[in-house]
Amino acid sequence: MKKGKVKVLQGNEACAEAAILAGCRFFSGYPITPSTEILEVLSRRLPLVDGICLQTEDEIAAIVAAVGASWGGAKAMTATSGPGFCLMQEGIGMAVAVESPLVLVNVQRGGPASGQSTSTAQGDFYQARYGSNGDYSLIVLAPSSGQEMFDHTVRAFNLAERFRVPVIILADEVVGHLREKVFIPEPEELTLVPRKRPTVSAAKFVPFEPDKDGVPFMPDFNTGFRIPVISQAKSLTGNRGNAKEATENIHRIVAKIEDHLDEFAEVSVYGDETAETAFVTFGSLCRVARGAVDMGKETGLKLKSVEVKTLWPFPDELVARALSRVKRIVAAEMNLGMLAREVSRVVRRPETKIELFSKIGGIYPQPQELLRHLEEKR
Amino acid sequence: MKTLERIDIDRRFCKGCLLCREVCQYEVLEPGKERSDLDHLMPWPARPENCKLCRLCELNCPDMAISVVVKEGGKGTT
Amino acid sequence: MNPLGEKYLRKNFLPFHFCPGCGDGIIIQAFLRAVDELGIIDDLAMTAGIGCSAWIPVYMHADVLKILHGRAIPAAIGLKATKPSRKVVVFTGDGDGLAIGGNHFLHAARRNIEMLVVVVNNQIYSMTGGQVAPSTRVGSRTQTTPYGNLEKPLDACKVGTACGATFVSRWSTTHSRELTRSFKKALGHKGFSLIEVMSQCPVQTGRYILGSGSPAFNLKWLKENCQVVKSPAEHDEVESAGKIPLGDFLQIQRPEFIEEILKMNERVKAEAKGGEG
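Chains as they are written, first to last, in our numbering: chain S, 1 to 378; chain F, 1 to 78; chain C, 1 to 277.
Chain S with its partners taken away, still in its complex shape (with noise of 0.2 angstroms):
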C-alpha cells in the first residue's frame, strides 16, 4: 500500500498540492472564477518551497511568463477558467511551437464570452484540441473528482516533460469546487519524469534534432548551449525553415504526441461491462453516469458508463473498444454534443444509435436526467 494521508480538499486544493509535489516551482496565473482558488493556494504555499507564484496583469502574460519559467529550468503551471483560455491560445500554440513543458488547467464555466462564471460546463471541449492557428497536437486530460485533479495533475507534470508539450487539464467548476478526500502520497511514492537534457556538448548540440521518439533535448538557458528558441516553424538548428523544414518540423511534433497515444491514453469502464446500453462521458459528469448506472443495476437495468480520461489526442481505439458491443449509446454532457461527435466517428455502426444527453445552462444533471432520457428517446 502507498503511504500517505486523505486529505478532504477542493479540486482547485488538490490541483495546487499535486503541483507542489510534482516539482513545480513557478506559476503565473489571472484571478478568474472558478479557478481562483489554484492561484490562491500555490501563492501561500510556492514560497515556502522556494518557488514563485506571481498574480500577472492578464492571462497572456500568465502563459507566456510560465513558457519562460520553463526555459529557465522550472516545472511551470498556469490555470485559468473560458474567457482567460481564450486570451491564452495563441500562447499555448507558441507552447507547443517552442516544445516547453507546460501544465495548463482549465477549470471550465459557461461560455461564450463571460457566460456563466460560477456555473459549470464542458464547452471548452475542442477548444482545448483546436483554439490556438495552424496544426500542432497536445495532450489534454480531464479529471472527474478530487482524486483526478491530483493524479492527473501529477500526470500532466510527467508528459508534459516526456514530450515537451503544453498539457491542458480541463477540469470544470464541478470537479474544482467539490470538497471531498483526496488521498495525498508520501513524495517518495510518486514517479516523476525528469526533462530530458543534451547527452552532447554545446559545440555538438543541434537545438531541435529530435531523439528516436521525435522529442528534442531540451537544455535550460544559461548553461552554455546558447540556444535559438523561435516560435516559428524552423529548421533543427532554430533558425526560420524552408517550406520543407517547416513541414518536417510541424509532422514531427504533431507525431511526436499521436505515435505514442499507446503510452498515456486512457478510457475506463463503469458498471456492467457486458451492457447494451452505454453511457459516455468525461469530467464531471463521470459522476453523474455512475449514479444513473447504480440506480439503473437497482432496478434491473444493465448499464454501463465508458469514462473518457484522455480527451486528446482522442483514444479512438479505445473508446471504440469499449463500445464494441454496444447497442445504445448515450453520450452525456455538458455542452451542446461535443464528445457525442468525436464518439459518432469513432463508431461507425449503423445498427448502433448515438445519442446526445446535453445539459447547459450551469445546472448539473442529476442521475434520475440521465434514466429518464433511456426511457423517453427508447
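To be clear, the hints were calculated from the coordinates, so they are not data collected in a lab. You may find that some hints are simply not true.
Claimed, not checked - Partial chain C-side listing against chain S, Cβ under 7 angstroms, derived:
1. N12
2. D63
3. L65
4. L68
5. R71
6. P74
7. I77
8. L79
9. A81
10. T82
11. K83
12. N103
13. H107
Note that the structure is predicted; figures quoted are calculated from it, not measured. Glycine included, each C-beta is placed from N, C-alpha and C at the ideal position.
Start from chain S and add chains F and C according to the hints.
Frame of chain S, contents of chains F and C only:
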C-alpha cells in the same frame, strides 16, 4: 602611434547602404563598382590616407561588414 | 567582418535579414560591444516578440526566446524569476512593446523587475509594410493613415518613468558610442531599465513619412532631429522645438521585485519553521 592598415569590407555581408560614407567626416569611402555576395554595390576606401581611425564607419555599419584594421609598429591589429 | 561579429554572432544565421541601411544592425553592434566589455555573454537571456527589431537577439550567439507579438516581457519575467543571476534583456519595437505589449511594459516597470528593455523606435510598423504605430508623429502619412496621423504619439521614456522604471535612457543609432555606454550602465542596474533607441527605417518610415528611402537621408534626419540634453529643462525645451531629446534621463534605486520575492520566501519559511517548533 596607430595608423590605418586597411578598411575591410566583408563582401559576404555588405548591402551597399553607404551609411559608412555618410558618417565619415573625411571622405575616405566612396561608392564602388564591385558587387557584394548579396548583389549590392559595395563602397571602397578611395582615400585611406584621410582616415583618422574614428571608426564611425565600423560603428554605423548595419551589417557589421566593416572593420577598421589599425597597425602599430608595423603590426596589424583591430 | 567586424571582430565583435566574429566573436558573438551566430554564423549560420547570417547575413542579417534586415533591409539595407536598417538601424537594427547598428544596435546589435552597440549592444555586443557592451556585452563584450562586461564579459556577460553566458549570463544573457534575451527575449523578443515579433517585428523587425525582434530579430535583433536571434543573431547573437546566446540564449534567446523569440515568441509572440508583444509578449517578450512576460517571457523575460519567467526567465528572471527562475534564475535571478541571469542578465535578462528584451528587444522590442515601438509597436511590439508599446501597442500590443504595452500592458506588460507598464506592469514590469511598476514592479521594478530587473531587466533591460530595449525599445527600438522607428516610428512605424515596418515588418508589416508601413502602418501607423503608437510612436508615429502627428500628421505622418502611413499605409493606414493615408490622410495623416491624428493620434498623439506615446513617449516610451515618460510612460516608463511614470510607471516606475528606475533606469531610463533614449539614444539614437547615430549615437552608438553613447548607446553602448548606456547599455553598460543598464546591464549593471538593479531594477527595470528602459533604453529607447531612435532608429532609421529607410524602407517604410523613410519612404512614406520622411520623403526618401535613402539610408543616408534617414540617418541624417535622425542626426538633425535628435538632440542630446543634460537637464529636464533642456529636455522640455528640445521637445517643444519639435525635436527628440536624447540622454540618460533617470537612474534611481528602488527595491527590485524578484529580490523582494526571494526575501519574502526566506521570511515565510523561517516563520513556518518557527510555527512548527
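**Message:** Given a cut of 7 angstroms on the nearest C-beta pair, is the interface hint for T82/C held or broken against chain S?
**Reply:** With Cβ-Cβ at 3 angstroms, under 7 angstroms, it holds.
**Item:** I77/C as an interface hint toward chain S, with CB separation required under 7 angstroms
**Value:** holds (5 angstroms)
**Hint check: 7 angstroms Cβ-Cβ cutoff, H107/C to chain S** = It holds, given that the least Cβ distance between H107/C and chain S is near 4 angstroms, below 7 angstroms.
**Request:** Under 7 angstroms, Cβ to Cβ, is where A81/C needs to be relative to chain S, so tell me if that hint holds or is violated.
**Result:** Holds - the Cβ of A81/C comes within 7 angstroms of chain S, reaching about 5 angstroms at its closest.
**Request:** Double-check K83/C for me: the hint is only fine if its C-beta lies closer than 7 angstroms to a C-beta in chain S.
**Result:** This interface hint holds because 6 angstroms falls under the 7 angstroms limit.
**Request:** Would you check whether L65/C satisfies its interface hint, that is, whether its CB is within less than 7 angstroms of any CB in chain S?
**Result:** holds (5 angstroms)
**Prompt:** Against chain S, with CB atoms and a cut of 7 angstroms, does the hint on R71/C hold up?
**Reply:** Result: holds, 4 angstroms to nearest chain S Cβ.
**Message:** Using the nearest Cβ pair, does L79/C come within less than 7 angstroms of chain S?
**Reply:** holds (4 angstroms)
**Request:** Report holds or violated for the interface hint on N103/C, using the least CB-CB distance to chain S and a cut-off of 7 angstroms.
**Result:** Because about 5 angstroms separates N103/C from the closest Cβ in chain S, which is inside the 7 angstroms limit, the hint holds.
**Request:** Report holds or violated for the interface hint on D63/C, using the least CB-CB distance to chain S and a cut-off of 7 angstroms.
**Result:** holds (4 angstroms)
**Satisfaction of the N12/C interface hint, Cβ to chain S closer than 7 angstroms** = At about 6 angstroms, which falls below the 7 angstroms cut-off, the nearest Cβ of chain S leaves the hint on N12/C intact, so it holds.
**Asked** Minimum Cβ distance from P74/C to chain S below 7 angstroms?
**Response** Constraint on P74/C satisfied, holds at 4 angstroms.
The earlier numbered hints are all upheld by this structure, with none contradicted.
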